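Guided by the hints, dock chain P onto chain E, whose structure is given.
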Amino acid sequence: MAKSIKIRAKVKDGVTEVKSLMTHPMETGARKDSKTGEKIPAHFIQEVTCEVGGKTVMTALWSGGVSKNPYLSFKFKGADKGDQLTLKWVDNQGGSDSVEAAIS
Amino acid sequence: MSADSKRRLFLKGSMAVGTLSVAAGAGLLSPRDVLAAWPEAAFETKELSAALNELWGGSDLEESAEIEVKAPDIAENGAVVPVTVSTSMDGVESIAIAAPNNPSALVADFKLGEGALPYASTRIKMGETGDVVAVVNKGGKLYSARKQVKVTIGGCGG
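Residue numbers (numbering that gives the first Met the number 0), protein chains in the order written: chain E, 0 to 103; chain P, 0 to 157.
Just chain E, same shape as in the assembly (with noise of 0.2 Å):
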C-alpha cells in the first residue's frame, strides 16, 4: 500500500499549516453489500500520527465515522521551513503507511 497519503506542509509566521489526504475505504462495518446483503467488514484509520524532530506534534484517533479518503489538516509551532515530517496511519485491521514530507 504504498503512496497512500498526499501530504502539503506550509510554514508562515512560525506556525507550519499541514494538509493532508489519505486514501482509504474508512467501512464502518455497519453497512451491507447492496448485491449479497452481507455485512462490509469494518475497515477504518484508527491513528494517525505526525511526527517532527522525533517529537509527535498530533495524534489523531479516528473511528469509522471520518469520511472515506479522510482529509485531516492541523498547525503546530516551532519548526522551520526544511525541516522533515513524517505522517503516519494505521488502520484496525493493521494496515498502515507513512509519508515523510519536506516543510515549505
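I should point out that these hints are in silico values taken from the structure, not numbers from a laboratory.
Because the structure is a prediction, the values reported are computed rather than measured.
The C-beta atom is built at its ideal place from N, Cα and C for all residues, glycine as well.
One thing to keep in mind: the hints can contain errors.
[What the hints assert, rightly or not] To list a few chain P residues with every Cβ distance to chain E over 12 Å, as calculated:
id	residue
1	S48
2	A49
3	N76
4	V79
5	T83
6	K110
7	S120
8	R122
9	I123
10	T128
11	G138
12	K140
13	S143
14	A144
15	R145
16	K146
[Unchecked claim] What follows is a list of derived Cβ distance ranges for each label pair:
id	chain 1	residue 1	chain 2	residue 2	range
17	P	G90	E	A29	34 to 42 Å
18	P	Q147	E	K54	31 to 39 Å
19	P	S48	E	S103	22 to 30 Å
20	P	I152	E	D82	40 to 48 Å
21	P	E92	E	R7	22 to 30 Å
Then chain P, alone, in the frame of chain E:
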C-alpha cells in the same frame, strides 16, 4: 495508472484484507492487540456523555464561545461533511469531534502534541440532521461548542 486499474488493485487489496478480518473475527487477532492505544469503548458507545467518560473520565461540558466549529449549514451529502474546530484557549490537550445523532457519537479525538495549535480540520459522516459537537479538553476540564448541520442524504447508510 487509470482510475479503473486503481480500483482493481483496491479490490485485490480489500480481498487480502478480508482474510485478515476473518482471523480477527475468530478471535485470533483482536484489534486491541494490533493497536493498544485506540479507545475502543469510547468509539463504540452510542451516547456522547458515555464516550467522553470512557475517553477522559468525565462528561460535564461547559459551553464556550471561545470555541469555533465550522461546518456547513446544509450538507447535501452526509458522507462528507467538512468540520473545522479551533479555539483561542491556551493549554488545550485534546479536541474531540462528535455527531450525537450518529450510531456512535464520537467521531474523532485529536491529541495535541508539543507545539500544536488548538486547531483540527477533517471531514466526517453524518447519518442524519443534527449537531456537530466539538469538545475541548483543557487540563481535564471539558468545554464545548456545537453547530447544527442539516443533512439531505445520510452518510452512514446501509
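Verification of the hints:
A cut-off of 12 Å between C-beta atoms confirms that S48(P) is not in contact with chain E; the least separation is 16 Å. With a least beta-carbon separation of about 14 Å from chain E, A49(P) lies farther than 12 Å from that chain, consistent with its non-interface assignment. Separation of N76(P) from chain E is inadequate, the least Cβ-Cβ distance of about 9 Å not exceeding the 12 Å criterion. Some Cβ of chain E comes within 12 Å of the Cβ of V79(P); the nearest lies about 5 Å off, and the non-interface call is violated.
Remark: the non-interface label on T83(P) conflicts with the geometry, its nearest Cβ contact in chain E lying 8 Å away (cut-off 12 Å). Not every CB of chain E lies more than 12 Å from the CB of K110(P), the least distance being 4 Å, so the non-interface label is violated. With a closest Cβ-Cβ approach of about 4 Å to chain E, S120(P) is found to fall inside the 12 Å limit, against its non-interface label. With a least CB separation of 4 Å from chain E, R122(P) falls inside the 12 Å interface cut-off, contrary to its annotation.
Here I123(P) does not stay apart from chain E, with its beta-carbon only about 6 Å from theirs, under the 12 Å limit. No Cβ of chain E comes within 12 Å of the Cβ of T128(P); the nearest lies about 16 Å off, and the non-interface call holds. The Cβ of G138(P) lies farther than 12 Å from every Cβ of chain E, with a closest approach of about 18 Å, so its non-interface assignment holds. At roughly 20 Å from the closest C-beta of chain E, the C-beta of K140(P) stays outside 12 Å, upholding its exclusion from the interface.
Its beta-carbon lying about 17 Å from the closest one in chain E, S143(P) satisfies the requirement of being farther than 12 Å from that chain. Interface exclusion of A144(P) from chain E stands, the closest Cβ pair being 18 Å apart, more than 12 Å. At the 12 Å boundary, the C-beta of R145(P) stays outside the reach of chain E, the nearest C-beta of that chain being 16 Å off. Even its closest Cβ contact with chain E, about 16 Å, leaves K146(P) beyond 12 Å, as expected for a residue assigned away from the interface.
For the hinted restraint 34 to 42 Å between G90(P) and A29(E), the CB-CB distance of approximately 37 Å keeps it satisfied. Between Q147(P) and K54(E) the beta carbon distance is about 37 Å. The supplied range of 31 to 39 Å therefore holds. In this structure, S48(P) and S103(E) break the distance hint of 22 to 30 Å, their C-beta atoms being roughly 43 Å apart. About 42 Å separates the C-beta atoms of I152(P) and D82(E), a value consistent with the hinted range of 40 to 48 Å.
For E92(P) paired with R7(E), a C-beta distance near 26 Å keeps the hint of 22 to 30 Å intact.
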